[in-house]
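Participant: If you want the building blocks of each chain, they are given just below.
2 protein chains.
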Amino acid sequence: MAETTSRPTPPQTLDPDTLRNMDRYWRACNYLSAGMIYLRDNPLLREPLKPEHIKNRLLGHWGSDPGQSFLLVHLNRLIKKLDLNVIFISGPGHGAPATLANCYLEGHYSEIYPDRSEDEAGMRRFFRQFSFPGGIGSHCTPETPGSIHEGGELGYSLSHGYGAAFDNPDLIVAVMVGDGEAETGPLATSWHSNKFLNPIRDGAVLPVLHLNGYKIANPTVLARIPREELEALLTGYGHKPYFVEGDDPEVMHQQMAATLEQCVGEIRAIQQHARDNNDPTRPRWPMIVLRSPKGWTGPKEVDGHKVEGSWRAHQVPIADPVTNSKSLKLVEAWLRSYQPEALFDASGRLVEELRELAPKGARRISANPHANGGALCKTLDMPPFRDYAVDVRKPASAYTSPTQVLGEFLRDVMRNNMTNFRVFGPDETASNKLTAIYEASGKTWLAAGDPGDADGGALSADGRVMEMLSEHTLEGWFEGYVLTGRHGLFATYEAFVHVIDSMFNQHAKWLEKAKRELAWRQPVPSINLLITSLVWRQDHNGFTHQDPGFLDVVTNKSPDVVRIYLPPDANCLLSVADHCLRSRDYVNVIVADKQPHLQYLDMDAAVTHCTKGIGIWDWASTDQGAEPDVVIGCAGDIATMEALAAVEILKERFPDLKIRFVNVVDLFRLMPEHAHPHGLTNRDFDSLFTTSKPVIFNFHSYASLVHKLTYNRTNHENLHVHGYHEKGNINTPLELAIINQVDRFSLAIDVIDRVPKLRGVGDHAKEWLRGQIIEHLNYAHAEGIDKEEIRNWTWKS
Amino acid sequence: MAETTSRPTPPQTLDPDTLRNMDRYWRACNYLSAGMIYLRDNPLLREPLKPEHIKNRLLGHWGSDPGQSFLLVHLNRLIKKLDLNVIFISGPGHGAPATLANCYLEGHYSEIYPDRSEDEAGMRRFFRQFSFPGGIGSHCTPETPGSIHEGGELGYSLSHGYGAAFDNPDLIVAVMVGDGEAETGPLATSWHSNKFLNPIRDGAVLPVLHLNGYKIANPTVLARIPREELEALLTGYGHKPYFVEGDDPEVMHQQMAATLEQCVGEIRAIQQHARDNNDPTRPRWPMIVLRSPKGWTGPKEVDGHKVEGSWRAHQVPIADPVTNSKSLKLVEAWLRSYQPEALFDASGRLVEELRELAPKGARRISANPHANGGALCKTLDMPPFRDYAVDVRKPASAYTSPTQVLGEFLRDVMRNNMTNFRVFGPDETASNKLTAIYEASGKTWLAAGDPGDADGGALSADGRVMEMLSEHTLEGWFEGYVLTGRHGLFATYEAFVHVIDSMFNQHAKWLEKAKRELAWRQPVPSINLLITSLVWRQDHNGFTHQDPGFLDVVTNKSPDVVRIYLPPDANCLLSVADHCLRSRDYVNVIVADKQPHLQYLDMDAAVTHCTKGIGIWDWASTDQGAEPDVVIGCAGDIATMEALAAVEILKERFPDLKIRFVNVVDLFRLMPEHAHPHGLTNRDFDSLFTTSKPVIFNFHSYASLVHKLTYNRTNHENLHVHGYHEKGNINTPLELAIINQVDRFSLAIDVIDRVPKLRGVGDHAKEWLRGQIIEHLNYAHAEGIDKEEIRNWTWKS
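Top line first, the protein sequences correspond to chains R and Z. Residues in the first sequence are numbered consecutively from 1, following full-length UniProt numbering. Residues in the second sequence are numbered consecutively from 1, following full-length UniProt numbering.
A couple of the hints might just be wrong.
Since the list can't tell identical chains apart, any single copy or any two copies may satisfy a pair.
In silico SDA-like cross-links for lysine to any residue, where the CA-CA straight-line distance does not exceed 25 Å [claimed, not checked]:
no., residue 1, residue 2
1, K727, P523
2, K300, P451
3, K81, R275
4, K658, A626
5, K693, G135
6, K329, I785
7, K757, D656
8, K240, L171
9, K306, A436
10, K727, S583
11, K796, A626
12, K651, A398
13, K727, D585
14, K378, R584
15, K195, G265
16, K727, E517
17, K360, A519
These are computed hints drawn from the structure, not numbers from a lab. Bear in mind the structure is a predicted one, so any value in this text is a computation, not a measurement.
Working from the sequences, and respecting the hints, build out all of it.
Facilitator: Below you can see the structure in the form of structure tokens.
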């Protein structure tokens, strides 16, 4: 510890009895935390500790547990005293023992998992399951009641906390931020979330920065900068920091009790002022810095090495009690220092006077319904999406921006659900043409205003569109929002959704466990990711903005929880969006562009097509239902347009060619039925793609993804996929398509090359097609020409 | 602008002539920036502006250009005055016109691209190429001389800057941080890089936070918090901020001149003190906040909307000059306001008195060799990697931690290269068993020390191991370090390398352009990513730590620049690491675990195997070179061990079964030769995997990736891949393998199912194998057992 001095005379907030009992409760937490790590038997130490009582493999993280439990004990006091509505988010990585201990002492763990009962046998099972095969993990996994934040990957505790607080005016979200995770980028910027929290309509977030001092193997940066630098930093983040520092439990209890009461008092005063005066002016929210020794109350020294207050306390402080009798003695002495016999009664249950300290029922942090958000979830009041349909009398005859149409629908979803629906986007909601939403609600903005903001700024303290230039923070908010039972949509540039690859992975993993294994967790609204500003219209932004690879990341996750849709036009997008917004427990990825695109299907046809997820477009086919010469498949808007244009070229040149045109909306239709619930049977797949005819498939993303999904289909060897292959710079849209060979000309050439009956007879056409390619490239480089270039095409048939 | 007041009486640092000429130079920059966006002809406005002089499609970002050029002009003055060695990093996204203009005015652009000469014709081409098909992008792309930071994806300017400054004691890296990018997580935490910069041996980073006020469509957070909050924040980050604020160029020039001189003076004083006294104590480094109107000097108002100082100045301030004559007039008036006729001579070259303002030769920011780091790159002095070999007398008879062995090699690479090699890792170098490196050099640490640090802390001001709990910052440092010509290795947990997916993507794109299209960019050392703490040994950390999907992201990038290696043991890892560290212009991904693993190949065999990248292990095969009944393939350490164990089971049960055992180190060997330079020909592939026999392939990562690479191989329909499929929790290692079916028993069952001659006769064995699976699962759940579980296996044959 750089500084462990405590304030000399802390206020005496706690009377001696309360203090003593709170300290005992805290000792019970610490006992349980250590017990989880070490014991497979003899849970109450009713006999001398023997090697066979110790787990074969010691796993878990002790270091941050005592500090976390310390906060929990004090939160409990205030919850009871002030009837607060509090949830707790545990940021410091593996510190689940603290949360689990608290949950068990509150009785809620045993309510959910009856065999881990409040008695000796239950405690044995409770200890044993921890970090044990077939048991539970060492983070606050979905199995942990009261948790909405697992924290296996660090950095998202604060943004999750804010997401939970939005639109929950009575909720206080206490977020313990680890000083390790505080070094991550996502956490570092998420402090600014306070510029997006409205004290009138939203709840409060109380960050508690835990200066535990060390990570796995290093000191933490924030624990090793001067106190005044840290204070400046937190003040700069917009907070009013209070420091609770030291290592003497008695002094620390008084300090924490007084400080927490001060903070909650300020929070209530801020909210009351804002609500009484309808004044959302951004306040300076309080926060706490808790500087306590890592592994507090644990072994001070082992084998001559300092442990308490050192990185050596991070995981298992004493490594070898099974084989080393001296270590065994140390572990026993440590565990007995908490005096379990004075904390638990004869049956092994927490003694009555300590049980009294915990809140009751749904006020218990472990049982707060906000942390099982599905239970509180209200179904969205959805406007009929058909009302927003684009009029399509003839396929491919007019251009519309799909996201612009979607924006109108989302506007009314917003209007109908002004307390439980939000839209998220990194400064791009307007760029992504979802501007209509602002008619229903502006952009949340609690930072300073400017007279110029009136001019198109759409900023407002009670806006429901969340824009900050941090995909991490937005995704974190959104996850916190859905995990507490509310709904939303996150629109982001396709190339930069990779910024949140790892967050997507972690959320998908959470959902999978919660959905598949935990009946008590109610389904939560889906994460809806609208991936837009797509690769094929990043001809102007260039190579950095061209990356459609997020879909590859998505397809690696469990088929139980991921869905991918590539609606080819606006009406399909409406149908898909309606479906996704109503769904639960998925991550829905919708790929749809913001630029004006050709429209193909009227609303009825779109609904039918999207319901099937994949289908033959008869109007674009020439096989008259018979076995075709070639199947042209496609998925994605530009891919579809170019495929249709190729059909038109081919029809004109080869009127007898039998083409079947298949469009894919629901990408997982391509997978086998045993591999994904949306997968087509082989029979259905074969009936669409034939068992032997060439299939030319034009794909939105990297071509290999289609192969990854279809490699074991009957006709796979005849499947030839065109897609993005990392060619791009500043181009015209058609040029970009050409250099990646997803353009009409390249597709038509490929068809000619693959269809036996066109061999030879197609040579002249191929020559013409190659000429077209060269002509277009030359023209683009000479004249530049604008993005209207490929808009002079409509469907002739 | 929230506040645009300037300090009333700025110091008169510049004499009137200098001030006037610097302002003219700045106007030349601004003229060129605007010209790039608008003009395809009439570059010097020598005739009245007509619609045909304007580009058909107006692209580019004006908003931050004038502020950036303003800084550049002032940097130039000090470079000349003090003979400074400066590179510039442009953080604000699309603001390349400023960098390009400066480069062109310095003459360096014309030296590299002679047709974009310093005359009217050259200027026309220079303008026209910008954001034009076949031309260059609107970021500081690799085509931009003087740039090591493209900035298409935001957030990495500061970490790139620090990476460039490490081990370059005389270099000053001026980093313009956009207030938009400042909201990203990676940027927000990268401010703390100053705790890792040693004033004795490293150069300096001068951050200039550009409070430009707006992003695409929103104000920025940092521009809308009170001045004292911002000052506190930057102070909290460890800087001493100086503010340059206003909009009156004359006043601002004096302010910036004085402030920049002050800052450079402080930097020099800090360095001199540290170097004279050998005192690396972390100083409070200066920085600048430049608050200037967005689109400064551009149109004040268009169609009644404020433009200068508003988000409307972000991109193209006047949209329709081709079709709207009023707009055309506005554009012309704006461009003429810079008085190009007074800036460029008759030939179109910058007038002589202004040329004088630019530094000369390699001191020009655009020509500083550090920004073409390959030119300065010194080859690593490599110790012979064979010296670190593990003694392997019999395959699979002893266990060693591969990364521990690698650590010893890296220790000596470090010792031999103490000024141009660093190792990066997020608090995990020790956890990843690379501890030996600390014998050569400790962990860089300039934050406060503590007496306890002496106990195993390995912290040191001149350490060369970079550890901070931010993968973003580490990757940013590493990229900055290699792009300026130095070498390194980044070791990180497999699951969390996804945190930098998007950074990997962007760096790969940079490399591809630089390597394929820009002969003048010298090859730079590769980014070497050691992916460790692998999925199969995350049985204790659980599901969140199990994600081997980074390889899918990597395989989407250009085959010119990505390489993936899965060395099966320590000797192979040494061979691969030696190869990677010597390479240039790649991202090498090495997948190798930290836990003890069986060793298979002696050093000679390892070198031969790694050189081929894929090969038959005769000692594990039973086909005696004849056509086998089955091929067992594998890639990855645990995958290899389980595959070998399966072979042993099969050999014992079915002595006549002809098994061929193929191990893959170089994953891209699986791809066709036309798709990747490492790809095998079909002939070679077929000779390994046969054209008709079942192939059971045990893969480290998600199975579908192997299908993605091999789908068009002759024998693909008989290829059956086992891999991770998102099943995991707290397990024993063997249990984790079993539930994902990459274990020996499941593999053997699959072989029995696929080999025709075992049909029926294998039923008894299958029953036994299924019994083994159940027995192991039961035992694991009952006893827990430790990670030694699968270490009681050695190769019997």
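Participant: Which hints, by number, does the structure contradict?
Facilitator: 5
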